[in-house]
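Listed here are the chains, written in short residue letters.
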Amino acid sequence: MRKFKEFIIEKLILICGSASIFFVALIFVFLLKEGLSLFKTVRLGAFLFGKSWYPISEPAELGILPLILGSLLVTAGAAVISVPIGVGCAVYIAEIAPGKVKEVLKGGIELLAAIPSVVLGFIGMVTLVPWVKNIFHLPTGLTALSGSIMLAFMAMPTIVSIAEDALYSVPRSYKEGAFALGATHWQTIWRVLLPAASSGILAAVMLGIGRVIGETMAVMMITGNSAVIPHTILAPVRTLTATVAAEMGEAVVGSEHYFALFAVGIVLFVISFAINVTADLFLHRERR
Amino acid sequence: MMNPRTVQKIAFFSLFLSTLLIVVPVGMIVVIIVQKGLPAITWQFLTDVPRQGMRAGGIFPAIVGTLYLVLGAVAFALPIGLLAAIYLSEYARDNVMNRIVKLAIVNLAGVPSVVYGLFGLAMFVVWCRFGASILSGALTLGIMILPIIITASREALEAVPQTFREVSLSLGASKWQTIRHIVLPNAIPGIITGTILGIGRAAGETAPILFTVAAFYLPRLPKSIFDQAMALPYHLYVISTQVPNVDEKVRYGTAFVLLAMVLTVNLVAIVIRYKFRKQKKW
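In order, the protein sequence lines correspond to chains C and P. All letters in the first sequence, in the order written, are residues 1 to 288 by the numbering used here. All letters in the second sequence, in the order written, are residues 1 to 282 by the numbering used here.
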């Protein structure tokens, strides 16, 4: 009897072990099941590179180029802000901060990671958006720039913690060797530690960017949601994620609009998959 | 060529500055929400239903809805996550299969939250015919927090020294007895920490519940798991963007309650982890 019980439990463990593979596959299958129906009526090229997104006009125009460009613009802006600051902070925590300060800073970063995106979006709406509006004398502060700044804060915890891990895992002897040759602490960081940790830091940056591309609520609340091709970072934009979140509520199940939003979901899934697999490769290389 | 000492001073100062650029805004966000949100918190605000089109009254149904969702998500994700972690730490060998499992976990953690929403809609709401319901939302959130629980539990299990297992096995215990009576008890704090972090994440996410459960305005408590429900993060989104002329106090109050819930949960996790590290005997 006990043998039988253990047999069942071990089989259960085995099944659950592959649960994550099962769920990733399940997500992809359901996205495909709904999303691919779109391509019975719309060509793939017209979907990916169509310049206008008017899903509810007659006939509907379902080109997601403005949304892709919106996502890219916001993400690029967020990366420009968050990468130097995030990596800088990681170096500060890993190398310079004294013990106690280090723990406090790490706690602060964890705190930032824990703040729900809808709260950040709300804070962005009441503080950042009016600032951007006044500083640049714009008709509205709901712009790609506001989104970039807010998203930079969502990327930073990821960047800081993974980059810090990467710096931490550089063998001590590298550092001691550089010191012994008379290098200053900064020269050691700049010429030895950062290059040695480069693939981990690259992974950190990629995962941070992945977080930004997938972010939904904050971006929907503060980028102004206008689905036109943006010409400046001070224009309102609409990202891929915000489009799905904002429009799915109104789309009728089984309509072309519904399928199109799932097709956008496929695009997002593929992007995040590519980023995660590549970042994982870099992290793996780091360990060897 | 500048003096290396001067260069170092400038460099360290800029590193310090970038750290401040992260820490100060985080502090400001918390301070602003506490300062403006705390005065809005009254017993009535916490226990009353929303009134006058959500412009007055309380947020009780949203708090209850979030609690139900979180409980449901954990009830689903914890058993699966824990068993998956046991598999990875105790059974898996270092082979291709193991590598694919790990990659799948990383990917599951990286899927955008709104894509989880789409998946939940297609699978639970439409295909399983659960409709927009607490069940659909809780399952969606459960899959979303699965990687958090697996990763934390696996780390906790792997941190149990190999010698513990060897001693147990050499005394004639079976593999499962060893796991059940030796490995698991020693890994409990880490597993709890991971679960709590998952709870915090599930409580704060909005996009996965947008189309799977969230009710725009439902001034009563949900009656069953097939009922729609309000939820705190979605409620905050609704009153800050969809409903005009909501009193600022109501918005900040809601943001405060949500933030307080999530941060408390995270703080508890950090404290447990800290205490455990101090007590660790090996």
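Simulated from the structure, these hints should not be mistaken for laboratory data. Any given hint could turn out to be false.
[Unchecked claim] Only pairs whose alpha carbons sit at most 25 Å apart, straight line, appear in this in silico SDA-like list of lysine to any residue:
1) Lys3(C) / Pro189(P)
2) Lys9(P) / Glu103(C)
3) Lys11(C) / Lys278(P)
4) Lys3(C) / Leu83(P)
5) Lys9(P) / Ala180(C)
6) Lys275(P) / Lys175(P)
7) Lys102(C) / Val31(P)
8) Lys102(C) / Asp94(P)
9) Lys278(P) / Lys175(P)
[Unchecked claim] If you want a taste of the chain P side facing chain C, the calculated C-beta under 7 Å gives, among others:
10) Ala84
11) Ile86
12) Cys128
13) Ile272
14) Phe276
All C-beta atoms in this analysis are idealised placements derived from N, C-alpha and C, irrespective of residue type, glycine included.
Right, here's what the structure says about each hint:
{"no.": "1", "hint": "Lys3(C) / Pro189(P)", "in the structure": "violated, 29 Å"}
{"no.": "2", "hint": "Lys9(P) / Glu103(C)", "in the structure": "holds, 23 Å"}
{"no.": "3", "hint": "Lys11(C) / Lys278(P)", "in the structure": "violated, 36 Å"}
{"no.": "4", "hint": "Lys3(C) / Leu83(P)", "in the structure": "holds, 19 Å"}
{"no.": "5", "hint": "Lys9(P) / Ala180(C)", "in the structure": "holds, 20 Å"}
{"no.": "6", "hint": "Lys275(P) / Lys175(P)", "in the structure": "violated, 29 Å"}
{"no.": "7", "hint": "Lys102(C) / Val31(P)", "in the structure": "holds, 22 Å"}
{"no.": "8", "hint": "Lys102(C) / Asp94(P)", "in the structure": "violated, 34 Å"}
{"no.": "9", "hint": "Lys278(P) / Lys175(P)", "in the structure": "violated, 29 Å"}
{"no.": "10", "hint": "Ala84", "in the structure": "holds, 4 Å"}
{"no.": "11", "hint": "Ile86", "in the structure": "holds, 5 Å"}
{"no.": "12", "hint": "Cys128", "in the structure": "violated, 11 Å"}
{"no.": "13", "hint": "Ile272", "in the structure": "violated, 14 Å"}
{"no.": "14", "hint": "Phe276", "in the structure": "violated, 16 Å"}
The structure fails to meet hints 1, 3, 6, 8, 9, 12, 13, 14 from the earlier list, while all remaining hints are met.
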